[in-house]
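First residue of the sequence shown: 49, per the working numbering; consecutive thereafter.
It should be emphasised that the hints constitute simulated quantities derived from the structure, not laboratory data. The C-beta atom is built at its ideal place from N, Cα and C for all residues, glycine as well. Among the hints, erroneous ones may be present.
[To be verified] Computed spacing ranges between beta-carbons, pair by pair:
hint: 1; residue 1: N306; residue 2: N208; range: 15 to 23 Å
hint: 2; residue 1: P155; residue 2: K189; range: 46 to 54 Å
hint: 3; residue 1: R282; residue 2: M225; range: 24 to 32 Å
hint: 4; residue 1: E94; residue 2: F255; range: 21 to 29 Å
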Amino acid sequence: VVDSQSTDRSVEIAEQYGATVVQFQFNGRWPKKKNWSLENLPFRNEWVLIVDCDERITPELWDEIADAIQNPEYNGYYLNRRVFFLGQWIRHGGKYPDWNLRLFRHPKGRYENLNTEAIRNTGDNEVHEHVVLEGKVGYLKEDMLHIDFRDIFHWLERHNRYSNWEARVYYNLLTGMGEGGTIGANLFGDSVQRKRFLKKIWVRLPFKPFLRFILSYFIRLGFLDGKAGYIYARLLSQYEYQIGVKLYEIQQFDGQLNKTPTPSAAVRSVS
């Protein structure tokens, strides 16, 4: 277990169950927690399974993993996530399937660097970055469960950080950042590369908060998830608006709410 100086009983509980706890001190730069772990932890085994604290591995998935890692043909596997929100599985709205490369031979994979470290308050962990892997990958059938047992306050707090990160990603895409060291964008690639390709188009569209709601709730059938689907689509629209405002802040004010005045300008404003 890699911990970031948590102040609750996380370390105590993990150690009670036999886990070795390693502390990670984020310096605000690259690498973040997962890549740091891949580079520095003394792994006993060749394979690594990346699991965040709000994710669960079912017994059926454990059995499938045990079989999958015996296959010498593959260096990694995508796991599909079921996202739970307000007590139910969000099956529509673009949230399922949700493929993530989480199981791989650790010498072969590292998380991509999307050059977002210059932005403050994005957290110390790779969340939306993807693993760049050497070799062939497969797909597992059983799902991973993504269940956050906290509340809407923490969901909003977490997505406030995520929007800082996304704003920098949007900025990098708009200014033509190179794709070296990333999974790349490819309309004819895997599902993740296709999403990255479409994102390069998405960042240039107007009215993105409105479009995000229409896309999630109507086009991707989020209304079939009932009230939870409606609330989720509204929150995603709000999230898109936050990204847009923070992107504007980066473009026009160097990532600050107001530009720091020069001494001469400060004197004029006082007088």
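Tested hints:
1. Distance hint for N306 and N208: a CB-CB separation of about 19 Å, consistent with the stated range 15 to 23 Å.
2. With their beta carbons about 26 Å apart, P155 and K189 fall outside the hinted range of 46 to 54 Å.
3. Between R282 and M225 the Cβ separation comes to about 31 Å, which falls inside the hinted range of 24 to 32 Å.
4. For E94 and F255, the Cβ-Cβ distance of about 48 Å falls outside the hinted range of 21 to 29 Å, so the restraint is violated.
In this structure, the earlier hints numbered 2 and 4 are contradicted, and the remaining ones agree with it.
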